[in-house]
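Letter by letter, the chains look like this.
There are 2 protein chains.
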Amino acid sequence: MAQLLLFTILLFSSVFVISSSSFTPPPHPFDPLTEIELNLIRNIINERYPVGPEHRFTFQYVGLNEPDKSLVLSWHSSRDHNVKPPPRQAFVIARDKGKTREIVVDFSSRAIVSDKIHVGNGYPMLTIDEQQATSELVLKFKPFRDSIRRRGLNVSEVVVTTSKMGWFGEPKPERLIKKLPFYLNGSVNTYLRPIEGMTIIVNLDQMKVVEFKDRFTSPLPKANGTEFRISKLKPPFGPPLQSAILLQPEGPGFKIDGHTVRWANWEFHMSFDVRAGLVISHASIFDMDVNKYRQVLYKGHLSEIFVPYMDPSEDWYFRTFFDCGEFGCGQYVVSLEPYTDCPGNAAFMDGVFASQDGTPIKITNVMCIFEKYAGDIMWRHTEIEIPGFKITEVRPDVSLVVRMVATVGNYDYIVDYEFKPSGSIKMGVGLTGVLEVKPVEYVNTSEIKEADIYGTIVADNTIGVNHDHFVTYRLDLDIDGTDNSFVRTELVTKRTPKSVNTPRKSYWTTKRKTAKTEAEARVKLGLKAEELVVVNPSRKTKHGNEVGYRLLHGPASAGPLLAQDDYPQIRAAFTYYNVWITPYNNTEVWASGLYADRSQGGDTLAVWSQRNRIIEKTDIVMWYTVGFHHVPCQEDFPMMPTLFGGFEIRPTNFFEQNPVLKTKPIKLNSTPTCTPKND
Amino acid sequence: MAQLLLFTILLFSSVFVISSSSFTPPPHPFDPLTEIELNLIRNIINERYPVGPEHRFTFQYVGLNEPDKSLVLSWHSSRDHNVKPPPRQAFVIARDKGKTREIVVDFSSRAIVSDKIHVGNGYPMLTIDEQQATSELVLKFKPFRDSIRRRGLNVSEVVVTTSKMGWFGEPKPERLIKKLPFYLNGSVNTYLRPIEGMTIIVNLDQMKVVEFKDRFTSPLPKANGTEFRISKLKPPFGPPLQSAILLQPEGPGFKIDGHTVRWANWEFHMSFDVRAGLVISHASIFDMDVNKYRQVLYKGHLSEIFVPYMDPSEDWYFRTFFDCGEFGCGQYVVSLEPYTDCPGNAAFMDGVFASQDGTPIKITNVMCIFEKYAGDIMWRHTEIEIPGFKITEVRPDVSLVVRMVATVGNYDYIVDYEFKPSGSIKMGVGLTGVLEVKPVEYVNTSEIKEADIYGTIVADNTIGVNHDHFVTYRLDLDIDGTDNSFVRTELVTKRTPKSVNTPRKSYWTTKRKTAKTEAEARVKLGLKAEELVVVNPSRKTKHGNEVGYRLLHGPASAGPLLAQDDYPQIRAAFTYYNVWITPYNNTEVWASGLYADRSQGGDTLAVWSQRNRIIEKTDIVMWYTVGFHHVPCQEDFPMMPTLFGGFEIRPTNFFEQNPVLKTKPIKLNSTPTCTPKND
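So the sequences go chain by chain: A and B. Sequence positions in the first sequence follow UniProt numbering and run 1 to 679. Sequence positions in the second sequence follow UniProt numbering and run 1 to 679.
Heads up, some of the hints might be wrong.
In this list, chains with the same sequence are indistinguishable; a pair is considered to hold if it fits within one copy or across any two.
List of simulated lysine-lysine pairs, DSS-like, C-alpha gap at most 27 Å [unchecked claim]:
#, residue 1, residue 2
1, K140, K255
2, K255, K662
3, K222, K662
4, K208, K524
5, K97, K664
6, K617, K542
7, K664, K208
8, K140, K69
9, K292, K84
Since the hints were derived computationally from the structure, they do not count as laboratory data.
Taking the hints into account, I'd like the entire structure generated from these sequences.
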């Protein structure tokens, strides 16, 4: 009998081995984990750690384990990718009976190659299942139901959402979350009808309500005025806008090969991660002078979005969100709607991530790629100085946009990467969606008794609470190679020396300084007139200028205003500077730390930077934070018109001359070579 | 005989009177001067001041005389414009035998109603004829021709351009200009082959060369590499970009009625001025809540573009241009090319201005209007908190762009006003065209002997010289009416009071301050966290918030780095602050003063502001300066890829709620309802 059992087991294993050995890994080391791979991971891990109602084992994060950079670069630069790609592995963070476990799974050996318990502060990302399960818990919790009824409300119209506890000095913070109830009853704009006055805390490990206090009954903003669905809104409609049709008779200009995109002079790879969302890698630009692609951005993605609210009261003080680290910027990605989220000429890519039990979830159309014809001008000149001649040359601009939208609760973040033929990459985020609001008895400012209502009355009984957004990008720039430096060129006023002998008293000039260590490369934007350039000190142009890309900051470069000793600011200390430079380190990916939930600030970008490491002539990484201060206004209710903030990296002596000088002019026509059909 | 002569004269006059009494003035008080009107002005003025080779009388500026604002507003707000429009007049600046004369011509009486000599510093704008005539003078000037030949150059390949003297403390500066020679001989990119080392000064009143010094022979950059015409460039071409077709089957969404434009919820008037270029007036937005148009911007236009170069040496120190005041931002407007300067769905307007002898010059297509479909999102939200429901609403963005391009010598300025249905107006300028360069013996940085070369080696023997651009807008905002205030709301950090009793230590809150006088409203952007809002203190929303529009600064908000006592900085003292507020004053239009050429800084915005007038609850004007510091790079050679800088004014409690909540979603489709023809 034992022999039969053994034989059966061996048979099963070999069947498993045979079927999985027919599995071909994706072609590119950065390709996102596929459904097959996620299932493999789940099976491999479940062999050691069974999953199921009796077992307390949940998958909190499953992502690609960052492969060795030098192996990736060798593979990428080898002709036809003859060199073997680096080993493909997954990095898994799981909760195992109340402990956090870090597991690395290797695909070629189909085995766990690393498995350890995380000892330290903080907890991993919340899963969708945990959010839903805890909401259901609360809705079934009798004291909560009683409190709802006491308010004259109907439990079946209540929606419960999740907020995070943050960390406020507790010595041994447990894995707790706060739950916030909202009321529908005629509204579908959940966030605009908060039921305040209750403190509800759930322990995620125990999956039970561990604290419940009904402290007071707040006013309830009305449903009327919260509607945003066009199918339900009543006339008059307006303003009237017209649709348009964008035709590309030769088809789109970009080519997608798996997850690699080629367009105009750009080539890059697109991937997806459940915490970062869209990941751009291997962005290189073709240089006609040398007839090859040159490196620009090895990897770029969101690292964190920190959203602190500015109301210190009991129901609000803890609202200090780390949207990527606590909730997952990829986990909350939306399916983009064709023709509206992205124009008609867009292509789409799906996204896959692991759910709580490890099974893959596929979300369609989470990233789109489209050519943007905004009617801008790439360069132009009219030369009229030559008598009898008038020369006009104009080159219309077209760029390639790669987009994802993450809706983390109330806020929708439109995340765009715009590639320009001139060599620039513009990166930024549009904020839209719904405000977080506080219910009050007031309908008019004249009624206000307090000194401070922490926001603006945006509707009856509704305060839009003041808050910030700090969107931090991790940009592993490799300008023409890995070894770069960061140069800060200050523009300084000079008095004209007497020897120059003209009546001009002053001018400004450049004072160049290469940052040697991390302390010299922390930048608060706007304070000084300076140019910030990432250069390759070993590459010069034929005229002797160092090859580089400079950083241009765009709208929104706010800095933090919380006190340095305030708990959320300790956890988000990486927001002190808009720009940081660190030496490449594949463990330094998440600015808020690997474990952001209930973190204590011990593993942030700001802490790593204290090591003051050498950042000259080495592989460096730039961290850029776009900052917004938001004082809400009535226009933000019940939906916010998009507010955009971002920055640009722009070639600076990277090319020998204007890289789009010899681009043939395109046209943005209006008359097609086609006959309109009748509708 | 005398009687016959008298009769003939009377007959002629009456014929003239009869024919001109059939002249109908344009419908809108801000409509630009027409060809008929310019001819009328010329005739009326010539009766008193004959023009011709024997007479030294030239028209330097002819523009609309600003009508009384209250009369304009009465006319504009009257139903069917029943109220009489204000008197239509022209303001003329002329040079009359070496003096500057200011003449006002009234159209209804066909007469000069004001005529006085300007006593004070500065000279008016240069005319195109003066530029060309002085270039010809220099080319015929024997010492110059000898100097050219001594350099081994061919006079017939020389182009002479104009630079301004500036003012450097001369007690009685004459009306002089500098002339700068350039060499073609295989290049058409005039500005890239300067012939330096000669000082050439022309007296405009005497029309002769008054100073000529041949100080040294500079190297001459080569023609090879300066080409920018696609018809002359050689392969390889690239990067490859695709044309596209933008179709609007129902036609464009805007309606043009004379010079008034209506689109979506916007209405505004477009005009043209030889100094300012494009002028936007009466911009109002339709509010569905109250079923009427509400005022936003009474008048907005460029006031000045200050471009100082940062080389204090003999050939460069004076290059401190005031492009609008010295050359005319309207005078150097280009004819926009269809499909390239503006997309295929654009409409165009011509521009007319007076030449030196008063005859009208018409330039076609100097302004364009088009709908911009950039693929952006106006607002969106995906609501997933409600179990079992997923609600997605997306509204694609479309905006209306009004554009002009002014090419002042080497630089092309793309000036855009973008009207958004959400109520914002985005304003800004794209810099492109050609660098001003200095010839040197170097081809590589390793050869440099000096401590400072004042720029970057961008090509062989070519330094792109460091410089700034300060683009100042005059914005007469009338937010819901003329009487406004300027509110600076500082965001201040607060320690949480103990009474709040939560572990949160800090937050920021708003500290509102209305600027009472001019001194309180001078703002250097980026130094403080503050919101800047123009409000109507007599208009509140139903929730009690003051109706307003706030200012969001975009890319490029540099400030000046010249010393305060340096002559160009005295003349451009208005660049110290990015934002100034003044009380409405129809003589305060040009930030550099009415007479910018050789001005001494006595009539600038900075000087007017010293009066420290009341700016609270009154008709106020905002002055906004976009600032760029430009350290040239090789990508700027031989043409600069466009660099954009601007700002936004955005409704803030102007509306009761999101003004585009009830906009029906449009689509940016790609499949047309049409059958492709064969090409």
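Flag every earlier hint the structure violates by its number, smallest first.
1, 4, 5, 7 and 8
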